[in-house]
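*Asks:* One letter stands for each residue in the lines below.
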Amino acid sequence: MSAPTDVADSVRHVSLRSGVYADSVRLMQVSREIGARPGVRAVLVAMATPLNLELAAGMGLAPDGDAKPDQLLIALSATDDAELTAAVAAVNTALAAREQTGEAQTIPSRTIAAALAEGPGRALAVVSVPGQYAVLEAADAIDAGSSVLVFSDGVPVEHEVALKRAAHEAGVLVMGPDCGTAIVSGVALGFANVVRPGPVGLVAASGTGAQQVSCLLDMAGVGVSHVLGVGGRDLSAAVGGLGTLDALAALAGDEGTERVLLVSKPPAPEVAARIREAAAGLSVPVGEAVLSADSPSLTAAVETLLGELGVDVPEWPSRPGTADAPAPGAVLKGFYAGGTLADEAMLLAGPVLGDVRSNIPLRPELDLGTDLRARGHVVVDFGDDALTVGRAHPMIDPTLRLEAISNLAASGEPAVLLLDVVLGHGAEADPAYSLVPALQAAGLPAVVALIGTEADPQGWSRQADALAEAGAAVFASNAQAVRYALDLIGERA
Amino acid sequence: MSELLSGPPAIVAAGVEVFSTALRTQGADVTDVDWRPPGFGAPEDLTQLALDRRRASANRTAVERMLAAGSVLTDVRPAREVLGLPDRTLLHSGPPLDWEHASGPMRGAWIGACLFEGWASTVEEAEKVLAAGEIALDPCHHHRTVGPMAGVTSPSMWMWCLTDPVGGGQAFCNLNEGLGKVLRMGAFNDEVLTRLAWMRDVLGPVLQAAVRSRTEPLDVKAILAQMLQMGDEGHNRNRAGSLMALRELSPSIVAVDAASSGWSSSDIAEVLRFIGGNEHFYLNLGMPTAKLAMDAARDVPGSTMVTVLSRNGTEFGIQTAGTGDRWFTGPANTPVGLFLGDYGPDDANPDIGDSAIMEAYGVGGFAMAAAPAIVRFVGGTVPDALATTERMYQLTLAENPAMQIPIMGFRGSPSGIDVLKVARTGWLPQINTGMAGRVAGTGQVGAGLVQPPQQCFEQALAALAEESRRAA
Numbered sequence: 052m053s054a055p056t057d058v059a060d061s062v063r064h065v066s067l068r069s070g071v072y073a074d075s076v077r078l079m080q081v082s083r084e085i086g087a088r089p090g091v092r093a094v095l096v097a098m099a100t101p102l103n104l105e106l107a108a109g110m111g112l113a114p115d116g117d118a119k120p121d122q123l124l125i126a127l128s129a130t131d132d133a134e135l136t137a138a139v140a141a142v143n144t145a146l147a148a149r150e151q152t153g154e155a156q157t158i159p160s161r162t163i164a165a166a167l168a169e170g171p172g173r174a175l176a177v178v179s180v181p182g183q184y185a186v187l188e189a190a191d192a193i194d195a196g197s198s199v200l201v202f203s204d205g206v207p208v209e210h211e212v213a214l215k216r217a218a219h220e221a222g223v224l225v226m227g228p229d230c231g232t233a234i235v236s237g238v239a240l241g242f243a244n245v246v247r248p249g250p251v252g253l254v255a256a257s258g259t260g261a262q263q264v265s266c267l268l269d270m271a272g273v274g275v276s277h278v279l280g281v282g283g284r285d286l287s288a289a290v291g292g293l294g295t296l297d298a299l300a301a302l303a304g305d306e307g308t309e310r311v312l313l314v315s316k317p318p319a320p321e322v323a324a325r326i327r328e329a330a331a332g333l334s335v336p337v338g339e340a341v342l343s344a345d346s347p348s349l350t351a352a353v354e355t356l357l358g359e360l361g362v363d364v365p366e367w368p369s370r371p372g373t374a375d376a377p378a379p380g381a382v383l384k385g386f387y388a389g390g391t392l393a394d395e396a397m398l399l400a401g402p403v404l405g406d407v408r409s410n411i412p413l414r415p416e417l418d419l420g421t422d423l424r425a426r427g428h429v430v431v432d433f434g435d436d437a438l439t440v441g442r443a444h445p446m447i448d449p450t451l452r453l454e455a456i457s458n459l460a461a462s463g464e465p466a467v468l469l470l471d472v473v474l475g476h477g478a479e480a481d482p483a484y485s486l487v488p489a490l491q492a493a494g495l496p497a498v499v500a501l502i503g504t505e506a507d508p509q510g511w512s513r514q515a516d517a518l519a520e521a522g523a524a525v526f527a528s529n530a531q532a533v534r535y536a537l538d539l540i541g542e543r544a
Numbered sequence: 196m197s198e199l200l201s202g203p204p205a206i207v208a209a210g211v212e213v214f215s216t217a218l219r220t221q222g223a224d225v226t227d228v229d230w231r232p233p234g235f236g237a238p239e240d241l242t243q244l245a246l247d248r249r250r251a252s253a254n255r256t257a258v259e260r261m262l263a264a265g266s267v268l269t270d271v272r273p274a275r276e277v278l279g280l281p282d283r284t285l286l287h288s289g290p291p292l293d294w295e296h297a298s299g300p301m302r303g304a305w306i307g308a309c310l311f312e313g314w315a316s317t318v319e320e321a322e323k324v325l326a327a328g329e330i331a332l333d334p335c336h337h338h339r340t341v342g343p344m345a346g347v348t349s350p351s352m353w354m355w356c357l358t359d360p361v362g363g364g365q366a367f368c369n370l371n372e373g374l375g376k377v378l379r380m381g382a383f384n385d386e387v388l389t390r391l392a393w394m395r396d397v398l399g400p401v402l403q404a405a406v407r408s409r410t411e412p413l414d415v416k417a418i419l420a421q422m423l424q425m426g427d428e429g430h431n432r433n434r435a436g437s438l439m440a441l442r443e444l445s446p447s448i449v450a451v452d453a454a455s456s457g458w459s460s461s462d463i464a465e466v467l468r469f470i471g472g473n474e475h476f477y478l479n480l481g482m483p484t485a486k487l488a489m490d491a492a493r494d495v496p497g498s499t500m501v502t503v504l505s506r507n508g509t510e511f512g513i514q515t516a517g518t519g520d521r522w523f524t525g526p527a528n529t530p531v532g533l534f535l536g537d538y539g540p541d542d543a544n545p546d547i548g549d550s551a552i553m554e555a556y557g558v559g560g561f562a563m564a565a566a567p568a569i570v571r572f573v574g575g576t577v578p579d580a581l582a583t584t585e586r587m588y589q590l591t592l593a594e595n596p597a598m599q600i601p602i603m604g605f606r607g608s609p610s611g612i613d614v615l616k617v618a619r620t621g622w623l624p625q626i627n628t629g630m631a632g633r634v635a636g637t638g639q640v641g642a643g644l645v646q647p648p649q650q651c652f653e654q655a656l657a658a659l660a661e662e663s664r665r666a667a
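Which chain is which? The protein sequence lines are A and B, in order. Counting with the numbering used here, you get residues 52 to 544 for the letters of the first sequence. Counting with the numbering used here, you get residues 196 to 667 for the letters of the second sequence.
Since the hints were made in silico from the structure, they are not lab data. Fair warning: there could be bad hints in the mix.
[Unchecked claim] Covered stretches of chain A (in silico footprint by chain B; criterion: 3 or more residues with CB under 8 Å from a CB of chain B, positions within the stretch not fixed): (1) 161–167; (2) 202–212; (3) 233–244; (4) 355–363; (5) 432–442; (6) 486–497.
[Stated by the list, open to error] Partial list, derived from the structure: chain A residues whose beta carbon lies under 8 Å from chain B: (7) MET98; (8) LEU104; (9) ALA190; (10) ALA217; (11) LEU419; (12) LEU423; (13) ASN458.
Glycine included, every Cβ here is placed at the ideal spot set by N, Cα and C.
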């Protein structure tokens with residue numbers, strides 16, 4: 052107990068009131084409030100129970116005469132009369148005070164589990180937290196019986212396998228990790244374009260590949276039902292196509308999907324065999340837009356599909372370039388934001404130009420390392436993980452690529468510049484705005500693969516016109532853009 | 196999975212805001228998670244547990260057992276008989292403890308129990324035998340027992356004997372002494388010893404006769420469910436529950452054949468007056484009820500659910516369903532709250548008592564919304580009470596349909612604390628508690644709110660992850 056109250060040196064007020072009741076907690080609160088007043092030596096405001104009377108006696112503040120437990124005891128000692136009177140008044144005020152009532156503040160959910168427990172039906176979790184924690188949030192979704200899109204990268208492959216196995220058992224889908232693109236019933240997730248609804252379902256191990264395919268289909272008047280991303284590693288031997296198999300099954304069971312197209316970089320051969328076997332057993336036909344030396348063009352895969360659907364292949368939109376022809380000995384400089392589009396460029400350019408070096412080389416001996424200024428035929432993927440550490444994807448932040456264009460121009464190396472510009476949700480609001488002055492300053496012949504649709508927030512034609520105005524040749528098809536660039540070089544070869 | 200593709204999904208997003216913004220622009224239904232990095236825990240441990248394929252079903256099993264457990268009052272017997280507690284043995288609250296490390300109120304309660312049992316005739320003598328290790332000391336929890344505050348239980352003390360009619364488990368708790376100068380708060384003066392003797396000689400035997408005379412055993416869990424609808428939360432506020440217990444027991448108490456048992460009618464009157472005058476009489480019935488439920492959830496490999504929250508005045512200890520009877524301990528915090536008389540914060544002992552079993556079960560601090568009066572202990576408001584319970588839902592695995600909170604639309608109380616969720620949110624369980632005086636012999640000085648130390652959960656998380664790796 053604190054030091055005994057010096058009763059002799061203070062004035063006291065001890066009273067009992069009948070017909071007043073307050074909860075003991077409320078009274079302890081009042082006692083504390085009054086006790087905090089500077090002139091107050093000791094205070095006990097409490098119902099006059101035996102226990103409280105004993106406490107009052109211990110404080111030298113016992114009431115005279117009989118006290119009953121249903122009476123309110125107000126016992127105070129203060130330094131002087133003024134303080135005492137003020138303190139008693141303060142007790143009355145405190146006892147009469149009304150508390151704040153009303154609704155609880157909403158406690159925001161800290162985890163996917165908590166948010167899903169709040170219970171939206173048909174929920175899809177989207178996880179873009181740092182990679183080392185993405186598994187925790189994704190596992191929440193699976194536990195709750197919801198599918199999940201994991202945008203985060205940096206998730207170890209064994210964790211990807213564990214998540215996909217758990218999802219399979221739970222009957223839900225894990226899209227990703229490192230899944231940048233998906234469209235579920237018209238809702239675009241991550242980097243995705245505004246495409247018309249329709250009968251073609253895409254399973255995509257490649258985000259920009261899926262964007263190219265869905266945009267070309269849209270331009271041909273064919274819509275997509277869903278685009279299910281599975282993450283770039285899904286078709287590797289380590290993951291074994293777990294996500295692809297489940298996504299194929301999901302689309303096969305979807306009423307709105309009549310045909311499926313698998314979009315991917317080359318899969319591990321044993322995985323490809325397993326996928327083909329599974330696809331053959333499905334109720335819907337499954338086509339492939341899988342890049343390889345034998346099938347180097349996504350556009351060709353789209354055209355094959357259109358043929359199967361009995362749809363005429365349109366003339367893919369383009370804008371002619373107006374730039375001067377390249378200087379003699381010009382090399383190809385492909386500066387890409389989309390990894391699959393960069394792959395496609397190398398697969399198409401390789402047979403014409405010979406070796407093309409890259410930070411994502413087709414063969415290990417073509418590795419560029421970190422030297423983005425290397426001379427000769429080069430294709431750089433600015434979206435590669437090594438170049439996005441600590442910065443946004445080049446589809447959002449073009450700084451690094453603009454720097455590279457400027458460096459190339461300064462180097463004086465004769466070159467044809469080949470670029471992709473990806474439109475749609477998630478991408479830069481107006482990519483031409485920063486790219487046009489960079490191209491004008493560089494003064495190099497430029498070819499742009501413009502991946503998007505008219506309905507995209509940026510508008511395909513608006514962007515195409517702005518880029519063409521700056522002298523660039525613009526193509527909706529990356530394959531056509533690459534071939535045009537090769538032709539430019541070839542004229543002078 | 197077919198459900199996913201059947202129409203536009205409702206998006207629940209954790210992470211980069213730009214995605215949610217893009218989704219809202221499309222008119223999609225988006226809920227943002229207020230995500231932040233885990234409060235504690237090695238990333239590899241968190242991941243190990245998140246990906247443990249046993250976890251979800253193990254936690255479901257633990258929850259089902261916890262929720263299914265019932266609690267009926269079957270008997271009242273001395274600890275000597277019911278626990279086989281030998282002479283010179285004392286039970287205490289919390290994790291294991293010795294004299295050297297014990298706090299004032301725990302020492303005071305041990306001293307009082309030695310005097311009560313006649314193992315010492317003076318305080319000094321009691322201190323001597325205790326310090327010499329001549330009295331065996333053991334946690335209540337090691338004997339299917341719980342005890343409020345010091346939880347000190349000696350062979351001559353009478354115990355409530357409760358049974359889980361579903362799983363067949365048993366749990367025990369001593370009888371509540373009332374408020375103020377009481378043994379469980381560390382007081383041991385004549386008043387305390389006289390009351391303990393009366394409880395031994397009159398209260399215990401009368402209650403035994405009354406309980407045994409009932410045709411139907413008292414459903415103690417049903418009282419807990421009802422009191423949550425009457426302004427109690429079952430830990431710091433047991434008023435309605437105590438009155439309901441009195442209502443249920445009094446006909447049998449009055450019907451006890453006093454004369455032939457050697458009691459007078461004034462003894463019976465005193466028993467009724469004692470029960471009626473004790474706002475916490477029910478606590479010692481509520482605690483073994485929670486203990487039955489939490490013991491039912493024990494030993495489920497892979498489960499990350501907490502089965503014990505308990506304090507001995509020096510350390511806080513927890514156990515989990517996935518790690519058996521292993522304790523994970525850390526230094527107990529000192530509650531924040533309101534004080535009796537002119538006691539103040541300096542007089543309060545660190546957190547003590549097995550009564551946090553109520554929070555493990557999902558009532559007490561977790562059902563704060565049911566008892567807004569309690570939140571005033573820290574100067575809070577009614578909305579604060581609601582917010583506290585709202586927050587606890589994010590730490591727990593289930594909502595207990597038997598324990599409904601009227602003001603929340605009769606939502607079940609948040610039940611079954613998940614160590615993994617505690618780590619990820621960084622929020623610690625909220626406990627409502629009494630405060631004992633720091634100095635032995637003082638008794639109660641106040642009541643308030645407290646949280647466990649994070650270390651307990653850090654250790655439990657690491658141990659669960661280690662077990663998970665071994666099992667993989």
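*Asks:* Hint by hint, say whether it matches the structure.
*Replies:* Outcome of the hint check:
Counting residues of the region 161–167 of chain A whose C-beta lies closer than 8 Å to any C-beta of chain B gives 7; at least three are required, and the coverage claim holds. With a threshold of 8 Å between beta carbons, the proposed coverage of the region 202–212 of chain A by chain B holds, since 3 of its residues qualify and at least three are required. Given as covered by chain B, the region 233–244 of chain A passes the check, having 7 residues with a CB less than 8 Å from a CB of that chain where 3 are the minimum. Three residues within the 8 Å Cβ limit are the bar, and the region 355–363 of chain A against chain B gives 0, so the coverage statement is violated.
Coverage of the region 432–442 of chain A by chain B is violated [criterion: at least 3 residues with CB-CB distance below 8 Å; count 0]. For the region 486–497 of chain A, the proposed coverage by chain B is not satisfied: 0 residues have a C-beta within less than 8 Å of a C-beta in that chain, short of the threshold of three. Here the hint on A:MET98 is broken, as its CB sits about 11 Å from the closest CB of chain B, past 8 Å. Given hint, A:LEU104 at the interface with chain B, is violated; its Cβ is 11 Å from that chain's nearest Cβ, farther than 8 Å.
For A:ALA190, the interface hint holds, since its Cβ comes within 8 Å of a Cβ in chain B; the closest pair sits about 4 Å apart. Checking A:ALA217 against chain B: minimum C-beta separation of about 7 Å stays under 8 Å; hint holds. Given hint, A:LEU419 at the interface with chain B, is violated; its Cβ is 29 Å from that chain's nearest Cβ, farther than 8 Å. Contact between A:LEU423 and chain B, as hinted, is not supported at the beta carbon level, the nearest pair being about 26 Å apart and thus beyond 8 Å.
With 8 Å as the threshold, the beta carbon of A:ASN458 stays out of range of chain B, its nearest partner Cβ sitting at about 28 Å, so the hint is violated.
Violated hints for the displayed structure, listed by number in ascending order: 4, 5, 6, 7, 8, 11, 12 and 13.
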